[in-house]
Structures are given as C-alpha cells and as structure tokens.
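We have chain W already, so just place chain X on it with the hints.
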Amino acid sequence: MSARAVGALLRASWLQARSYRLALLMQMGGLLVSVIPLYFVSTALQPTMAGTIAGEADQFFAFVLVGSVALLLSTGAMATLQGAVAGGISTGYFESLLMTRASLPSILVGLTSYGMMMTLLRVSSMIIAGSLIGASIVWSKILPALFIVSLLVIAHWGIGLVGASFVIAFRTAGPLTQIVGALSAFFGGVYYPVSAIPSWLGAIAKVTPIAYGLTPLRRVLIQGESFMSVAPDVAILAAMGAGTLLVGSVSIRAALRYGKKAGTLGTY
Amino acid sequence: MTTMAIGPAAATDASSVDSVVEAHGLTKRFPARRGLKDLLLHPFDKTTTTVVSNVSFTANAGEFLGLLGPNGAGKTTLLKMLSTLVLPDEGSATIEGLDVVRDSAAVRALVSPCLAMERSLYHRLTARQNLEVFADLQGLRPGDRKSRIDEAMQAVSLHDTGTKLVGQFSSGMLQRLLIARALLTRPRLLLLDEPTRSLDPISAREFRSFLREELVRQRGCAVILATHNAEEAFELCDRVGVLNKGRLLASGVAASLSREFLGVRYRLTTTDPDHPAISELGAQRVSVVSRTPSDQPGDWHDVTLRMELDHDPSSILALLSSRGVRIAVFEPVRPSLADLIEGVVKRGENA
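Chains as they are written, first to last, in the numbering used here: chain W, 76 to 343; chain X, 3 to 353.
For reference, chain W alone in the conformation it holds in the complex (with noise of 0.2 Å):
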C-alpha cells in the first residue's frame, strides 16, 4: 500500500471539504450540541438504569456516550467507503482511480480516509465535550481504548468491504450495513447492556462486532479497568476483524472482476 497514494486521496478530499467552511463547521458544531440531550436524558435515567449498567459502567451518562461513540465509528466504517465507491462510479472518478498505478488497497484506503477521521474528530469532540460536563472517563486508559477503537473500525470497514462490492456489482450495496448497523444499534450494547435483552435476542448480539468491542472499550475507558482484563473480549474482535477483513477483500476483488466483466464499472 502506498502512502503517497492514501495521502493524496485525503489531502483532496480535505480540500473539498475545507472548500464547504459552513457546513464543515456545522457539522461539528451538530455534533458537539447533540451531547447536551444525551447528558440530560442519561442523568433523568441514572436512577434506574444504575443497576443493569453496573458491570460496565457505574454513570449512565458515560456509557451512552461510550455507547454513541463506537456506533458511530462502526457506521462510519461501514458507510463511508460505499459511499465512495458510488459516487466515484456515478462520476467516472472511480474508474480514473483504477487507471492509475495506485494499488487497490490505496485506493479503498484512500477514500476512506478523509470519512474516517472525521468521524474521529467528531467521536473525539463529543468525549471531551462529554468528559467536560461530567461524564467519567479515565484518560490515562487512552491508548488501550484506542487500540479497541481500531479493531472495531476495522472489523466494520471488512462489512463495508462487502458493501462496497455490491455497489460495483449492482449499483447498490444492498441491505447488508444497514442490517449490520440496526443489530449493532439495538442490540449490540449501544444504549443498554447486552445483559439486558431477552437471552434469545441476546443470541443476536453475538454475531455483531460492535458486541464485543463494546464492553471492554467501557470497562477500560470508564471503569478504568486493564486491557488484560478484556483481552478475552477484544481476541475475539480481532478475529471478527480478520474475518470481515478476509471477505471483504475477497468479495472487492470478485465484485471489480465482475465489474470489468459486465462494464458496471462506469457509467454505462
């Protein structure tokens, strides 16, 4: 993979967006102010919800935003690169993409770059927003948090691998991510603990990636807990990631030889 290539891809897409200065600000802004609600509705609910959260977090308020933060990383990793890939094959982009010496992998690396860390930035805005108005988290608990953080965007980016080559294949990614991102919402752990649902729903749980990145990331960001105490947790998101990973890439690399099989490459 070539970093020239990745850079190139997100020093543009930077310069677009920097081009947009309302909207960029906007956004962020958005984001920071969407704290406010959540720190007044998880306070309202403290109270009852301090007994179902209590092997993950002891404040409510923290791990909805713990909660928040993971989705929205796993969302963003699943939708930014499909989006890419669309609007590319709408534009013709993506086949100028292809005609370069850039490798594959810089390529899907490179579009979604630029999402990426934006939506690092925003996740990372809304902790430090959220920590300033009283949500407990332990800082010195960052670089294991992170490493979570990672295997959790990696093991999504592998879903929106798949996504991905369905664009190129059938000009639609199909419901794969936004089944992956409901589950992952409603019962991977986002706004209540994955003990708290029926245990045949639970079941559910098992499959989402989200799952199992949850849980230690709050025992560790919150709890303060060491990462050899959710090691068990994240092993097993590691391998999610490398399974999504695998297919993800073995589905691209299927769906571009299709695509320049039956010319839905570009804009036919």
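Calculated directly from the structure, the hints in this document are not laboratory data.
For each residue, glycine too, the CB sits at the ideal point set by N, CA and C.
Hints are supplied without guarantee of correctness; some may be wrong.
Unchecked claim - Chain X regions said to be covered by chain W (calculated; three or more residues, Cβ under 8 Å):
#, region
1, 121 to 127
2, 271 to 279
Said to hold, decoys possible - Each computed EDC-like pair below joins lysine to aspartate or glutamate, with the alpha-carbon atoms no more than 20 Å apart:
#, chain 1, residue 1, chain 2, residue 2
3, W, Lys-336, X, Asp-91
4, W, Lys-336, X, Glu-92
5, W, Lys-336, X, Asp-301
Said to hold, decoys possible - Selected chain W positions facing chain X (Cβ under 10 Å, derived; list incomplete):
#, residue
6, Gln-102
7, Gly-104
8, Pro-180
Positioned in the frame of chain W, the structure of chain X alone reads:
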C-alpha cells in the same frame, strides 16, 4: 507502421516484435438490459449485446492509430479494454508484451487513457491541485512532480490557469485538464477518446502539434485515438480503422480508404451548376455528389463530382469547358469523415 487487420489470422501476420500494442480477436459482450417481465419469466437466460467483435490490430511506437465509427461502434470499449477497465470475453491484447488481463498492474504503468470523464475531476480544487493528486497516485517521484505538472499544463495551454478552480473551467478547459492528467506519466501508449471535441480550433491545433512533434516523434509514444474529426483522421493518423457495431470493417491510411470507398472527388465552381454537360457526365462514370442550389443565376456555385480512380480529371475539365460550362475552380477535395464512415459501413453491411 501501424497495421490493422480484420480477423485473428491477419493480425498474426501483421504483428511485429517492436509493436507497442498487439490485439488479437478482441471480443466484448455486455449483458443486455431486460424488462422485469422477461427477468421473471426467464431468470436464467443470458442475453448479451456484442459491443466489440473479433477485432485485431497492432500499433507500433511513434505511430497514430485512429478509430472511426458511428456512436456505439465499440471505440470506447476497445480503449477501455486496453486500459484494463473492461475484460475481454475473447481474444487477447498485449502492451509491450504484457497481457492486459494477466499483467494489468504493469500495463497501467505503460498506458495512459484519456476518456470522457470531466466529472471525475475535483471541481472544488484548482487545476494544479487536481494534477498533484494524480501525480501522487501515479507514483511520480517528488522531485519530478512539479516539472511534470508544469510540462503537462504547458502542453495543453493551461499554464496560466493553474490556480483557477476547476469548477470555473469551460468544457474545453476541462477537456484539456483531462489530457494533462493523462500526460503526467509520459506513457508508452496514450489512449484518447475524442480528445479535441470541446477544444477551440486554435487549442486543438496546438494540441495536435504537441501530440505529433513532442509525444510521437520525440518520445516515440504510440497514440490510439477515437475521433470524429476529419483533420485528425486524415492529417494526424498514420492509419485509421473504421468500426461499426463492434466490427472492424476497414483499415488503412485514411486518404487511401477514402479513395477506395468513395473514389476521387473534385469540386467544380461554376455559374451554371445545372448545365446539361454536368448532368451528362454520368456517361463518363462521373457522378454529382452534391450541388449548391442555384436560385441566383449568374452566381458562382459548387458542384462536387465523384470520379473513379482511373479517371483523368483534366479530360473531364476539358470536356466541360468545350461544352461551354464557365468554370472558376476545378480542384480535388477531401470527402467528409461522415462520407467515409458511411461508405465503409454501407459496404460492410452489404458484404
């Protein structure tokens, strides 16, 4: 010389060790669009449309090869197959010995396509920023990047507009920027899809001059261009191939093809385009191709005559003069590209 031939056997004869491109029996079929009812009734049927059919040709270093043909003839698909963007269903193509399917990454390092993709540019970035992005994607060395970008912008006369936003460009400038993007890598094979279609006449002439002098003569780059422009076909291209419905119907030097398919044409400028002597030229196997209307008697009018290759034009001129036709000009004219394509296509359909 560039050689083109119909059919794989002929192509094998034409292939040469120093050729940049060797294509043998290239065929491409795309799935045909089907209605919902048809899909439901026959879900496993595979209906295809043949876009390129058994096309073979070679192109050597330092040569221009023109692709002519009506819209939908298969020109762009052929270029895309050489660009590794479309996989051939049958046949093969190599660029400097590298197979476009098996060695696609290596082929992309040699080929630079400039296809109609104005929307693929970053419209909120400047022209120079656009080229910088693609210079990095093409892996140009940082030390070479600036000079290559300057060189490419100079070649398409965009050197004064490097800091202008691409969104403010005219369609001709967008086209020039696409060409500059393709020139960044100093390719061995340049593929151009109607490169001058949006360019003003002066820019188009300068660009053709750059292609001929700099790219082809000095650097020995092979150029394949799909064109609807007569000047490019007749004056720039060493050889042209006429495609229709995916088939390569004829190939050769454009002027020779024109003589072969359309005969020799002469323009006669006369005050009496309806003179009986002109109409009676049919007996000499000379036909009138076109005649400007003569609603103003006494004015000069043009009559285009078509003659066979074995005709002596001076005898026709003498015959007309002797019959009292007033003639101001009698000169050979180049038929239009439309006439050439139409002539080749008609004969191809009849065959």
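Status of each hint after checking the structure:
{"no.": "1", "hint": "121 to 127", "result": "holds (count 5)"}
{"no.": "2", "hint": "271 to 279", "result": "violated (count 0)"}
{"no.": "3", "hint": "W:Lys-336 / X:Asp-91", "result": "holds (8 Å)"}
{"no.": "4", "hint": "W:Lys-336 / X:Glu-92", "result": "holds (11 Å)"}
{"no.": "5", "hint": "W:Lys-336 / X:Asp-301", "result": "violated (59 Å)"}
{"no.": "6", "hint": "Gln-102", "result": "violated (16 Å)"}
{"no.": "7", "hint": "Gly-104", "result": "violated (22 Å)"}
{"no.": "8", "hint": "Pro-180", "result": "violated (12 Å)"}
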